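Peer 1: With the sequences and hints as input, model every part of the structure.
Position one of the sequence shown corresponds to residue 1 (our numbering), numbered consecutively onward.
Derived from the structure by calculation, the hints contain no laboratory data. Watch out, some of these pointers could steer you wrong.
[What the hints assert, rightly or not] Between beta-carbon pairs, the in silico distance windows are:
{"id": "1", "residue 1": "G193", "residue 2": "R107", "range": "15 to 21 Å"}
{"id": "2", "residue 1": "L287", "residue 2": "D255", "range": "47 to 53 Å"}
{"id": "3", "residue 1": "G90", "residue 2": "V340", "range": "28 to 34 Å"}
{"id": "4", "residue 1": "D255", "residue 2": "A157", "range": "16 to 22 Å"}
Note that the structure is predicted; figures quoted are calculated from it, not measured. Heads up, the beta-carbon is just placed ideally off N, CA and C, and yes, glycines get one too.
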Amino acid sequence: MGLRVAIAGCGAMSRAWLDAAAKIDGLEIVGLCDLDLARAKGRAAEFGLAHVETTEQVGAMLDAVRPDILFDVVVPAARHGVVSAGLAAGCHVLSEKPMAETLEEARDLVARAAAAERLHAVVQNRRYLASVRRIARLIAAGTIGEVSSIHSDFFLAPHFGGFREEMDHVLLLDMAIHGFDAMRCMTGLGATGVYCREWNPIHSWYRHGSSAAAIFDLENGAVFTYRGSWCAEGLGTGWECAWRIVGSKGSLVWDGREAIDVQVGGGARKGLFDEVVDLVAPPLDPLDRVGGHLGVIEDFVAAIREGTQPETAGRDNVRSLAMALGAINSAETGRRIDIVI
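Peer 2: Okay, here's the thing in structure tokens:
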């Protein structure tokens with residue numbers, strides 16, 4: 001099944017979408033839209049798409065090219081309007097994160113997608129990392145027992161420029177949600193409550209909220225801790241966080257890159273400690289879709305063609321968004337917040 005695709009938002013992130021789309025059979029890019037028309041035309045030229053429709057307004061693009069799919073790569077403040085327009089035009093819509101700026105907007109988009117009988121999903125590309133898939137399989141198999149705590153650290157110092165450096169709650173809303181969603185994917189657990197502190201160090205080049213620490217209560221009584229900063233120069237963790245997951249039988253540590261270390265206990269006791277055994281995380285399943293944006297888009301396109309729901313459907317992703325917004329609410333009020341979907 002050939003599918004016509006239009007893209008709203010031609011900033012730097014659109015390159016990842018166009019690179020991935022070019023690797024998927026049957027996708028045809030038919031329109032590019034950006035408030036800066038020169039940017040849309042420049043992106044079209046960069047990817048050999050000079051023949052496609054380029055416009056400044058998403059409505060005009062949708063009317064002109066009648067796509068099957070809308071890729072939403074706009075800034076968060078414009079997301080609700082762009083997704084709503086795409087669904088109203090009969091498009092399946094795949095969005096950048098965050099899904100929405102509020103839970104009310106997120107719930108509204110879920111309802112609009114259901115009413116339009118169209119798919120709506122969100123790019124949570126950490127789910128499509130090979131290591132995340134392998135860890136999820138290891139935990140589901142019970143290798144380390146019942147998960148009791150998860151600990152995630154994120155420390156980097158990127159200089160983006162642009163809208164991120166002017167955002168409120170930039171770390172929690174624009175980045176931490178990746179870690180929150182990866183935690184849900186790896187453990188199968190959702191959050192029921194959160195206490196969070198957020199701050200902006202004096203050396204920060206972000207206007208607001210470049211650092212945070214959060215403690216989440218999870219559905220099975222486990223605890224998830226997150227520590228992060230977007231202005232931490234030196235000794236960076238990498239983009240995928242550094243993880244420790246503790247279970248009733250053992251623990252795993254993932255450096256966020258390639259190394260996954262697993263140890264389980266239960267051996268003979270020597271002094272204060274039981275002997276532990278090193279294990280290897282299971283390999284990828286041949287059916288796993290991996291590759292960041294490529295994996296997400298492949299999953300979304302397959303769902304359209306097969307009449308199924310994509311893994312990152314909006315109705316599921318609202319649970320990750322609720323974690324980020326709950327953390328923000330806690331940081332603003334100074335109290336623990338119940339997370340209610």
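Peer 1: Starting from the hint list further up, note which numbers the structure goes against and sort them upward.
Peer 2: 2
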